[in-house]
Structures are given as structure tokens and as C-alpha cells.
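**Student:** From first to last, the protein sequence lines are chains S and F.
If you're matching positions, the first sequence starts at 179 in the working numbering and goes up one per residue.
If you're matching positions, the second sequence starts at 31 in the working numbering and goes up one per residue.
In short, the hints are calculated from the structure, not lab data.
Mixed in with the good hints, there may be bad ones.
Residues of chain F placed beyond 10 Å of chain S at every Cβ, according to the derived structure [as the list claims (entries may be wrong)]:
hint	residue
1	Val36
2	Val41
3	Arg43
4	Ala44
5	Ile100
6	Met126
7	Lys127
8	Ala135
9	Gly151
10	Arg185
11	Gly227
12	Ala248
Restraint-style ranges between C-beta atoms, simulated for each label pair [said to hold, decoys possible]:
hint	chain 1	residue 1	chain 2	residue 2	range
13	F	Gly250	S	Glu455	13 to 23 Å
14	S	Gln449	F	Val164	37 to 47 Å
15	F	Val164	S	Gln446	38 to 48 Å
16	S	Glu455	F	His109	43 to 53 Å
17	S	Gly346	F	Trp174	22 to 32 Å
Computed cross-link-like contacts, SDA-like style, restricted to lysine to any residue with a CA-CA straight-line distance of at most 20 Å [as the list claims (entries may be wrong)]:
hint	chain 1	residue 1	chain 2	residue 2
18	S	Lys444	F	Tyr34
19	F	Lys128	S	Leu452
20	S	Lys418	F	Lys228
21	F	Lys128	S	Glu379
22	S	Lys445	F	Arg232
23	S	Lys284	S	Asn439
24	S	Lys418	F	Ala183
25	S	Lys445	F	Lys228
26	S	Lys418	F	Lys127
27	S	Lys445	F	Tyr34
28	F	Lys128	S	Lys418
29	F	Lys128	F	Gly204
30	S	Lys313	F	Arg232
31	F	Lys128	S	Lys313
32	F	Lys127	F	Lys138
Treat the numbers as computed from the prediction; the structure is a model and nothing was measured.
Quick reminder that beta carbons are idealized off the backbone N, C-alpha and C, glycines included.
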Amino acid sequence: MADKAILFDASRCIGCKGCQVSCKRWNMLPASIGTGTWQDLPEEQRAFTASYQNPSDLRADTMLLVTFNELQGDDGSLSLLMGRKSCMHCTDAACVLACPTGAASKQPDGTVRIDHERCIGCRYCNWACPFGIPKWDEAANTSCMCWMCADRTAEGQKPACVSACPTGALDYGERPAMLTLAKARISKAEAAGRPLSLYGEKEMGGLHVLHLLQAKPSAYGLPDNPKVPDTVTAWQSVVKPVGAAIGALTFLGLGLSYLANVGYSKKQAQQAVLGPEDTGAPPATAEEEKAGHD
Amino acid sequence: MTEYLVRHGGVARAIHWVHTVATMALFYTGIALYTPGTNFLVGGPGGLAVSTVVHRVAAVAFIGAPILGILLRPQGLTHMLKALLKPWDRQDWLWMKKFVPHLFAARKVHLPPHSGEIKAGQRLASLGIIAFSVVIVVTGFLLWFDGNVPPGAVRWAGLLHDVAMIFLGALLMGHIYLGAGIFQPLRGMVWTMFGNGKISYRDAVYNWPKWAEDQASAQGLQKRKMT
Ligand code: HEM
Ligand code: HEM
Ligand code: SF4
Ligand code: SF4
């Protein structure tokens, strides 16, 4: 199956949150305010931020978030950049590498999914993801994130967010086609003097949510240079196999020691060092010992 | 008649018992989580929901046992640390040099006598066990209460928890091989920790000649008759 991808064009996004709402409706997620969960938020997340961004971050019940980012220009002017925060469906997915149960896994269409039947809520994926995407649902003890509406795409439909977008900021299709579309938009925008840059072609081995951005990624709250954290790579790809080898070698070494000494009893060993039993002889001194068997 | 020396007191044996059971549970439930390929140890991901709770309960026992022991008998800890930290003398080095050949050819290579209460190799191994246990406890708590820890630090904790587990595991395999007397010349020593704490005078002289001699008079044995 060819890889599929979403293309998000930030220059076309007006921040209407149609995608965010559509995601909640299709995936039957409650509103974050008025469900009683909002009160549980830590104080700093509840504070008034003067931002339209709501909730302030992804949550177990909010798998797609329209982000509102203020950017101050060199001349002091302020502009508002609309961004998208949701799973990027990485080719080299840190969450999949870290997941100890196989619940987070790559799908044939290149997307990544958490299987809630297998998820044990350990949160390794939460720690590993460089975008801070998976969120833990404490009540259900499972981690939650976008699954690119696999139930819809299996039926030939677009993900719910893409279907909802009224301005054409979201597209869905085969990944190579999305890359071609993105590059065409870049040339057009450049000709018009409003440069766009592509985010996600190479990052994390290639994202399956491509972004067209008007400023550098960090202005949108995205890492400029995302990669699988070194600690996660070292932990999963180095420590684990090396550890298994150390364990196996130790076991093997002790097994060899056992085989080498089969049939050599404690009695014989003690006789060799201390002499025969019940002679009434004093315990050997260091000097006698040395003379005895060197 | 065989005469015995007391090697380990009741508190030490109780801690060691609890520790052994807790450690087995921690290793079993920990390794079940090590990779998706080992999940089957607890019956797949569904079993992990339970076994990770068992991991935490065992972790509390793992930490609680020594703390309780220290409260009950603080001098036990100082005694053990003093014995473990005894500086190495010439005999210890000679002993250590023979130790590995001895493991693989006990018939031919015998261990020279030493003056320690604990053998040189075991002093090293036990200090390693204690050090890695501290690492595993600290990182374990960081993983447990990850909500209050930055993700970067949690990733380090996960990495180090596994590193400590690996070295602790290797050391404990050796510890059990020798301590449980699977290595035949040490058969029976296990009861100093898991039984009544006593060891026959002859066994004691074989393992710790200087300690046995000192203890024979301290514990009132007429040492020259007892080998
Ligand atoms: C002998 C002692 C211990 C051993 C051998 C051990 C072993 C392990 C192993 C192998 C893992 C899986 C790591 C991975 O998936 O890469 C793990 C996870 C974990 N351990 Fe331990 N551990 C020990 C002690 C502790 C202690 C003392 C604590 C807590 C204070 C603790 C808390 C945890 C936590 C929170 C996890 C994360 C997984 C989960 O949510 O259950 N461990 N341990
Ligand atoms: C089946 C499992 C085990 C067996 C058969 C075993 C056996 C023994 C024996 C016979 C001793 C006394 C050695 C002596 O008198 O010199 C001992 C001491 C000790 N063991 Fe274990 N043990 C086991 C598991 C463990 C575990 C899981 C730990 C720690 C996590 C541990 C830590 C220690 C320590 C700290 C000492 C005291 C210090 C020393 O004598 O070196 N043991 N063990
Ligand atoms: S964005 Fe994060 S959660 Fe999504 S696939 Fe990449 S690493 Fe996994
Ligand atoms: S929380 Fe679930 S999906 Fe995430 S790493 Fe753990 S088991 Fe895998």
C-alpha cells in the first residue's frame, strides 16, 4: 500500500477550529470544558492566557489542536500564525520504538496507531515523542493520539479533519502526491513574494503529516530539528540488546563453570585445602597454605 | 560431633529473605516489560496491567526491608559496610587472581586463605549489588512519579533503570550460583542466609579462615578439636 499523508498549509488556515471539532465529533470525544475534567487541570493551564488556543495543549480527549502562535516581526509588528498540533505519523516513530507492548505500531499506510487493547498506560510513548503528542488517559489507563481516522480511510474517505476544513488548508492523499502539491504551492507562493517552507519531507525519516509554514518551525511551537531522542535510541536499540547479551553470557559462563566442576564435591574441595576431616589438625595458616599447593 | 558458628543473625536473614522474594518478583515483572517479545511471561499486555502493579508493590518491599532492618538493628548495617569496605591487602589480590581459574577448574586451582570476614570477590560484588540497587530505586521512583519529572529526565531514568537492572542481574546470577551452592564446593552455605544462620566450623574455616578462628574463640568453640 502506498503511504498516505495529510498536507496542512498554514498559509490557508484561518484558525476556525473546524478540524478540531470535527475530530472530536467523529471520534466521539467530549468537549474539554464542561465535562468536569477541566477543573482537574493544573492551575497554570487554567490561567487566562489571552489566546484563542483552547485547550492549552493536547489532552487525552483532544487529539487535534489548532495552535495560535504570536510572532513579532523585526519592525515590531505582530502576526498570528495558525498551527496544527497532532500526531505527525513519523516514519521513524519514537513512540513505536519505545512502546514495550507493541500497542503503538506502524500501519501499512505509513501512519502510526495506538491499539488500546494492548496499551498498558505505561507512558513510555509520552516521554519518547519529540513533539509531545501522546497523552495519558488516567481513568482508562491508556495513551491517546490521532490515528488518522483509520476507520474512515479504510472506507476510502478522508480523515474527519480534512473533510471539515472550509478553506482548503488540509489535503489528504498518497504521500508523493502531497509532496508534489506542497512543492507546487511553494513555487507559487515564492513567485507571489510570500515564501513558504516544507516541514516533514525528511524529518523523522519523513512525516505523514506535512506542513507548509510561513515562518520557522519553532515559531509554531514545533521543534526545528525533530529527532528520536538519543536517550530513547540508546535505551531501546543499544542497552536492551547489549543487556540481553550480557545476561546470556553470564548465564553461559556460570553454566560452563558448573559443568567443569561436576562431581567435585564440597568434601573433596575441603580435603584438598584443609586435609582429611577429624584429624584434630589446626586450620591451615597462610604460610602452610602457600606451601601446600603452590 | 560437628560444631557450628553463627554466621548471620535473625535481622540480616529476614531482610535477605524479603529482598530475595521481592527481587525475584521485580525481575520477573520487569523483564516481562522489557520488550514486546517478553510480554508473554505475564500472559501478554493484559497481564502487564497487573504485573506493573506487582512491580510497584515489590519495589516498596525492596526498599522497606532494609529500612526496617536499619531501624531495628543499625549496627548490622555498619558491621556489613565495614566488612565490605575493608581495604584490600596482598592476600585479597592473590585470592582474586585465583578466583576465576578456581571457578572453572576447582579440582586444580584452590583459593588461598584470606583475612576477611567476606571474601574479596564477594566484597566487590556486594558493593556493586548495593550501588546498582540504589540506582534502580532512584530511577524507579522517577519513572513511577513521572508526572512531576521533565520528559528528558524520565528518559534518562528509563535508560539507567535498565542499565542497573542488567548489571544487578549479572551480579546476582553469580551471587546465586555461589550462594545457593550450585557451585558445589560452596554447597550448604545457603543456610547461613536462608536457614538458621549457622555454618559448620569446617565449612567456615574453608571459606573464611581468619574469621572462623576469631569467631571460634568469640563464640566459645574449642577450635582445635573442631575441624
Ligand atoms: C531489583 C530491582 C528492580 C528491577 C530488576 C527492575 C526492573 C525493571 C525493568 C526491567 C523494567 C522495564 C524497563 C523497560 O521496559 O525498559 C522496569 C520498569 C519500571 N520499574 Fe523497575 N525494577 C526494579 C526496581 C524498581 C523499583 C525499586 C521501583 C520503584 C521505586 C521500580 C519502578 C519501575 C517503574 C515505575 C517502571 C516503569 C514501568 C511501569 O510503569 O511499570 N522498579 N523495572
Ligand atoms: C536465591 C537467591 C539468593 C541466595 C541463594 C543468596 C545467598 C546468600 C548467601 C549464602 C549470603 C551469605 C554470604 C556470606 O555469608 O558471606 C548472602 C549474602 C548477601 N546477599 Fe544474597 N542470596 C540471594 C539473593 C540475594 C539478593 C536478591 C540480594 C540483593 C538484591 C542479595 C544480597 C546479599 C547481600 C547484600 C549479602 C550480604 C553481604 C555479603 O555477605 O556479601 N542476595 N546471600
Ligand atoms: S509524532 Fe510522536 S506520537 Fe506521532 S508518530 Fe511521531 S513520535 Fe509517534
Ligand atoms: S502508553 Fe501504551 S502506547 Fe504508549 S508506550 Fe505504553 S503501552 Fe505503548
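**Student:** Now tell me, hint by hint, if it's right for this structure.
**Tutor:** Now the hints, each set against the structure:
{"no.": "1", "hint": "Val36", "in the structure": "18 Å, holds"}
{"no.": "2", "hint": "Val41", "in the structure": "28 Å, holds"}
{"no.": "3", "hint": "Arg43", "in the structure": "21 Å, holds"}
{"no.": "4", "hint": "Ala44", "in the structure": "27 Å, holds"}
{"no.": "5", "hint": "Ile100", "in the structure": "30 Å, holds"}
{"no.": "6", "hint": "Met126", "in the structure": "16 Å, holds"}
{"no.": "7", "hint": "Lys127", "in the structure": "12 Å, holds"}
{"no.": "8", "hint": "Ala135", "in the structure": "6 Å, violated"}
{"no.": "9", "hint": "Gly151", "in the structure": "13 Å, holds"}
{"no.": "10", "hint": "Arg185", "in the structure": "4 Å, violated"}
{"no.": "11", "hint": "Gly227", "in the structure": "19 Å, holds"}
{"no.": "12", "hint": "Ala248", "in the structure": "15 Å, holds"}
{"no.": "13", "hint": "F:Gly250 / S:Glu455: 13 to 23 Å", "in the structure": "22 Å, holds"}
{"no.": "14", "hint": "S:Gln449 / F:Val164: 37 to 47 Å", "in the structure": "41 Å, holds"}
{"no.": "15", "hint": "F:Val164 / S:Gln446: 38 to 48 Å", "in the structure": "40 Å, holds"}
{"no.": "16", "hint": "S:Glu455 / F:His109: 43 to 53 Å", "in the structure": "31 Å, violated"}
{"no.": "17", "hint": "S:Gly346 / F:Trp174: 22 to 32 Å", "in the structure": "47 Å, violated"}
{"no.": "18", "hint": "S:Lys444 / F:Tyr34", "in the structure": "17 Å, holds"}
{"no.": "19", "hint": "F:Lys128 / S:Leu452", "in the structure": "17 Å, holds"}
{"no.": "20", "hint": "S:Lys418 / F:Lys228", "in the structure": "40 Å, violated"}
{"no.": "21", "hint": "F:Lys128 / S:Glu379", "in the structure": "60 Å, violated"}
{"no.": "22", "hint": "S:Lys445 / F:Arg232", "in the structure": "10 Å, holds"}
{"no.": "23", "hint": "S:Lys284 / S:Asn439", "in the structure": "50 Å, violated"}
{"no.": "24", "hint": "S:Lys418 / F:Ala183", "in the structure": "19 Å, holds"}
{"no.": "25", "hint": "S:Lys445 / F:Lys228", "in the structure": "18 Å, holds"}
{"no.": "26", "hint": "S:Lys418 / F:Lys127", "in the structure": "31 Å, violated"}
{"no.": "27", "hint": "S:Lys445 / F:Tyr34", "in the structure": "17 Å, holds"}
{"no.": "28", "hint": "F:Lys128 / S:Lys418", "in the structure": "32 Å, violated"}
{"no.": "29", "hint": "F:Lys128 / F:Gly204", "in the structure": "16 Å, holds"}
{"no.": "30", "hint": "S:Lys313 / F:Arg232", "in the structure": "62 Å, violated"}
{"no.": "31", "hint": "F:Lys128 / S:Lys313", "in the structure": "55 Å, violated"}
{"no.": "32", "hint": "F:Lys127 / F:Lys138", "in the structure": "14 Å, holds"}
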